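Peer 1: Next come the chains, spelled out residue by residue.
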Amino acid sequence: MVTVLAAIAVLLTLPALVDLIRRPDLRRVGLRNIVRRPGEAALVVLGSALGTAIIAAAFIVGDTFDRSIRDIARTELGPVDQVVRVTNVDDLDDALVAIEGPGTIAGVDGVLAITSIGAALSNADATNAEPSLRISAVDMDAARSFGADPSITALADVPAPGLDEIVINTDTRAELDVEIGDLVAVYAYGERIDLELIALMPSEGLGGFSDAYIDPALLDSVAAEPPLGAEPPSALVLVSNDGGVFDSTEDPRNVRRIETATGDRLRAAGIDHDQSPQKLDILRDAEEEGDELTQIFSVVGGFSVVAGILLLVNLFVMLAEERKPTMGVLRAIGWRQGTLVRSFGLEGAIYAIIAAAVGALGGIGVGWAVVKLTQDIFATSGNDFSLILAVEPISLLQAALTGLVISLLAIWVTSWRISRLNIIRAIRDLPEPVTARGQLLLSVGGLVLAVVGVALLIGPGLGGKSVIPALAGPALMILGAGLLLKRWVRNDLLAVAAGSAVVLWGAFWAQILPKDVTTDVELPTFLVLGIILVAGGTAIATVIGPWMRRLLDLGSRPATAARLGLAYPVARTFRTALSLAMFSLIIFSLTFISVMSSTLGGQDDDIVTEISAGRDMMVDANSANPIATGDLTDLPGVASASPIIRAVPRWSADFDAESIEDPDRWRLSGIDPGFGNTGAPQLELRADRFATDAEAFEAVATDPTLVVVPSWFLAAGSDGVEVNLQDRVTMYTASGFTQEMTVIGVVQNDFTFAGPWVSADLVREQMPGGFRITRHYVTATADTSADDLAEAIDAAFVTNGASAETFRHRVGRFLSQELGFFRLLRGYLALGLVIGIAGLGVTLVRAVRERRREIGMLRSMGFPTGGVRSMFLTEAAFIGFLGIVSGAALGLLTARQLISGSDALDEPLPFVFPTSALVLVVLLPLIGAVVAAIVPAIRAARLRPSEALRLAD
Amino acid sequence: MMEPMGQNILRAREVTKTYRSGKLEVPALRGVDLDIDSGDLITVMGPSGNGKTTLLNCLSGIDTIDSGTVHIDGDEIHAMRDGARTQHRAERMGFIFQSFNLIPVLSAEENVEVPLGILGVSNKEARQRAQDMLERVGLADRRQNRPRELSGGEQQRVAIARALVTQPAIIWADEPTGNLDSETAGAIIDLLLEVNEAGQSVLMVTHDRGIGAIGTRTVHVRDGLITYDGAPTTDGIH
Ligand SMILES: Nc1ncnc2c1ncn2[C@@H]1O[C@H](COP(=O)(O)OP(=O)(O)OP(=O)(O)O)[C@@H](O)[C@H]1O
Ligand SMILES: [Mg+2]
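So the protein lines, in turn, are chains A and B. Using our numbering, you'd call the opening residue of the first sequence number 1 and step up by one each time. Using our numbering, you'd call the opening residue of the second sequence number 1 and step up by one each time.
Incorrect hints may have been included.
Claimed, not checked - Away from chain A, derived, C-beta distances all over 10 Å, residues of chain B:
id: 1; residue: Asp63
id: 2; residue: Asp82
id: 3; residue: Gly153
Unchecked claim - 20 Å max Cα-Cα, derived EDC-like pairs, lysine to aspartate or glutamate:
id: 4; chain 1: A; residue 1: Lys324; chain 2: A; residue 2: Asp139
id: 5; chain 1: A; residue 1: Lys324; chain 2: B; residue 2: Asp141
id: 6; chain 1: A; residue 1: Lys372; chain 2: A; residue 2: Asp251
id: 7; chain 1: B; residue 1: Lys124; chain 2: B; residue 2: Asp141
id: 8; chain 1: A; residue 1: Lys324; chain 2: A; residue 2: Glu850
id: 9; chain 1: B; residue 1: Lys23; chain 2: A; residue 2: Glu947
Stated by the list, open to error - Residues of chain A clear of chain B, computed beta-carbon distances all greater than 10 Å:
id: 10; residue: Asp93
id: 11; residue: Gly362
id: 12; residue: Tyr732
id: 13; residue: Ser816
Worth flagging that the hints you see were computed from the coordinates, not collected in a lab. Source: prediction; values computed, not measured. We treat Cβ as the ideally placed atom computed from N, Cα and C, and that holds for glycine.
Chain A on its own, in the form it takes in the complex:
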């Protein structure tokens, strides 16, 4: 990718570089033009640098997430590549022997047996506690030499704890605030054991895999008889592949091979087990998550990048117009057309190179800000995942090259276009007439576009079931048809007709295209959609100008200024269209995001009602030390507590072919009859025979063949798979028992991670050793506030690892994370606004210069300075207003369509009009546009008439 980009960039810069060295005349003209107006050159650079910065920042955010998630491999796995869970604790030693075998599996450099329990820890007087930790027992000598590189286990200097001793990692020490020699309390299986802290280990490698280590004999005695509903110790065999932390999974096939070999040996020994290639999974996740974020930010930034391109083209077109007479003279004295193109190209290439470099560096700053804000969002929602800023040189290079290639393409194409001029007409500053050949070219171009459009629609679109070509094809067809008809139809009517057709297509494509094409709507689709809609909207808006101007024919003095202010943008259709589109695109994206976030934000009450099942909060506890339901109801303030049984069987479903071959683990919630009496989670789909949701849940509680599932159960929700009533799912327990079930209800938002809801009796009977009662749904008494009760429960059951959270708090936390993310995206988009506003400013500065003579004349005729000022302000406000209105209208339309009109979203949401956000989205840019015009307007007004007239002559 980078090499291809680099090759293109070199190809595009090479001619300019050669000229820079070999053509002093071109160099002089190019450099002089830059140096003569350093301020404007800076603004041009800024405009395209922002585009590059946005791309660079997108990469940095992606790299940062990739790196931060990858880091989990270091902090929580170290040498561990594969974790084998042995179903029966007593089989652990045999499993170790089996895997070690007569000869080690090729590519494996370590095998280690370890036993773990989930437990709570506190300091001696229980003032500081950590409710949910993993405590393990291991042969310390074996652990120290586990894998090829002892330094990555983090246990190198750790002594083996004795029977009344413990080793904890530094993270846990910080939470408990204990020192070596202090007593540490361990709570497991209803007991408290005080142990002396003898050593600390770094929170990485095996020191991160488990938070604390105790003596194996101690662990055995503690876990000798786990009470019913508590999780017995897990017996694990850790396998380390050749290599260190990150290079051991470089070849996924090798990882798979080792996994298979391990499994074969265990099966041969007849040992029941479960395998997971944890490191590969984490690294995969990291890459996926990183790529996804890069994509999100690239697409969102894409709006700004496109706006930046429009600005660049606009500036170059203005530049050319300004220099037209000079260019004509140069042509007259013997410059060829190619020479003109090259002189422009040279100047542009210099801008582009500087912009790419500046932009890539600026991108670090933007990326840093985004990462910082993301971290804050995570922090406020109680997620302590920490981000490590990663600036990969290769990403910066790629961003710089992308920016460079985009700018250079824009520059060369515009240079070529503008250097095609007639010498005489250029010198006399006359417009290029429409020639028969030009007409023909236009028609041919239109035809080609239309054909390409049809081909896109039919080929990859409908044929390949790919949504972007299917979306873009018809838009190109309309554009092509418009160009074709231009000869015969009045241009303004044509613009309105073609523009409206494009907008209508952009609004209703989802309903028009077949469903199997629209299911793969992804983020980039919205960028394409935005561009299509804005193009259509701009075509219409350019026609509105003349009508508005006619309305203003009032004849008063301010109206004269306003009329003049409108006259220019109205007459210069192409440039105005570029500015409009630039603004419109940015406002479109801002509006769209605002609607999405306000719709999401308006959801919390509904979701609370949906998930709360008529209760106030859920209380989760440590699986090794669950809270007894009776203890919970005894607590003052608790009105009722319904236990929910949790277990993790495997599942398959008839709508998910993959799961039938290889059933997935999925945690269930088991309920007893009577659960529905207090209320039930809201069902999105419910079998007709039940009158209420509660009735359906009661049926589940009593009938083991019925189940309620979340809408994203197993594969549902991806690739258009939907779970429906009457679907069949099958549950498999470790002991080989299977139970077929029929779906009688679907839950929309599984914010509680309840999973499938089944009968508790079924679980108790069929998975006697596999279930825990780690969750309760709790209602507070009328005189107790739910928040206070949650705090009281946390405090009372700290040793059970209790975590009580009101449903409202939980929903708020989840939504705030998503809303924070939207805010972040909005901030990111606002960067585009900077491009838009700065762009408008530069455009106007140039306009002032271009119109000097006319300004001088107006002033001579007695046009007051204020009039000149308001002329320019009107122009800016006009472009800003039209751009904003069309962008906001299209954004609202699209979001509305998406939210309530189409199948693109899994769930139809109520459309929430983003009133306050919209006021901002509309007002800020409008003010920005006018502010951007102030400097040029004042400059124009300050021009002394005689000076302006003289300079221009």
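The hints should help you fit chain B with the ligands onto chain A, whose structure is shown.
Peer 2: What follows is chain B with the ligands alone, placed relative to chain A:
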């Protein structure tokens, strides 16, 4: 708004103007006295670069002066605030330059309406007056055209229509025929003569000896000084 013939409407005394750009100083006017009476048609002649344009700019108030006074209708225009001076121009003056300086994005008719708009004339009336004016300069059938669609002579006629449409007391013309062939130039001069006969004062800078001879007075400018002010003659200019 026309004055009785012969009444003084502009009185300039000891006007000096020096251009400074960096260290370079160019004394463009070095103490100029000039009177303009209503009904005058003054032609200003002199070699290139000797201060004719500067004189016109300074007397009309579109440029500042260094010292001296310029009274128009009894008011010292260089003592006024810019706003008042601008207003004064809008009400009392019309300008015609060598390059026509029409607003390219407006039609001929709209260009002529602009000064009326500045004066706050209602839209309907402005349109009517602009049409009448364009008819007078012989462009009734071209009023919808943009400047680019007109020939140089036609553009200058639009510019003249624009200068005349407010019926100003003084018309300033800086080489109005400089860009035109002699035939077209003749038509332009005829127009100016016509309005002058109706009582409007005209001050016209020209290089054309033939045109220089048609005025009621001729002023010769040399080295920033008025070296001759009297009956039209072309002696001793070049
Ligand atoms: N803004 C300026 N800055 C510096 N010098 C100037 C400026 N405007 C005019 N001059 C100089 O002042 C002198 C008078 O200029 P002016 O334009 O009045 O001459 P002119 O008689 O109108 O010439 P022409 O017949 O060529 O139009 C010239 O030497 C000119 O170079
Ligand atoms: Mg001159």
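Peer 1: Please go over all the hints and tell whether each is borne out by the structure.
Peer 2: Tested hints:
1. Asp63: Violated, since 4 Å does not exceed 10 Å.
2. Asp82: Violated, because the least Cβ-Cβ distance between Asp82 of chain B and chain A comes to about 7 Å, which does not exceed 10 Å.
3. Gly153: 14 Å, holds
4. A:Lys324 to A:Asp139: Violated - the C-alpha atoms of Asp139 of chain A and Lys324 of chain A are around 84 Å apart, more than 20 Å.
5. A:Lys324 to B:Asp141: 31 Å, violated
6. A:Lys372 to A:Asp251: 33 Å, violated
7. B:Lys124 to B:Asp141: 19 Å, holds
8. A:Lys324 to A:Glu850: 11 Å, holds
9. B:Lys23 to A:Glu947: 19 Å, holds
10. Asp93: Since the minimum Cβ distance to chain B is about 91 Å, Asp93 of chain A lies beyond 10 Å and the statement holds.
11. Gly362: 37 Å, holds
12. Tyr732: Given that every Cβ of chain B is farther than 10 Å from that of Tyr732 of chain A, nearest at about 77 Å, it holds.
13. Ser816: Its Cβ never comes within 10 Å of chain B, the nearest being 52 Å, so this holds.
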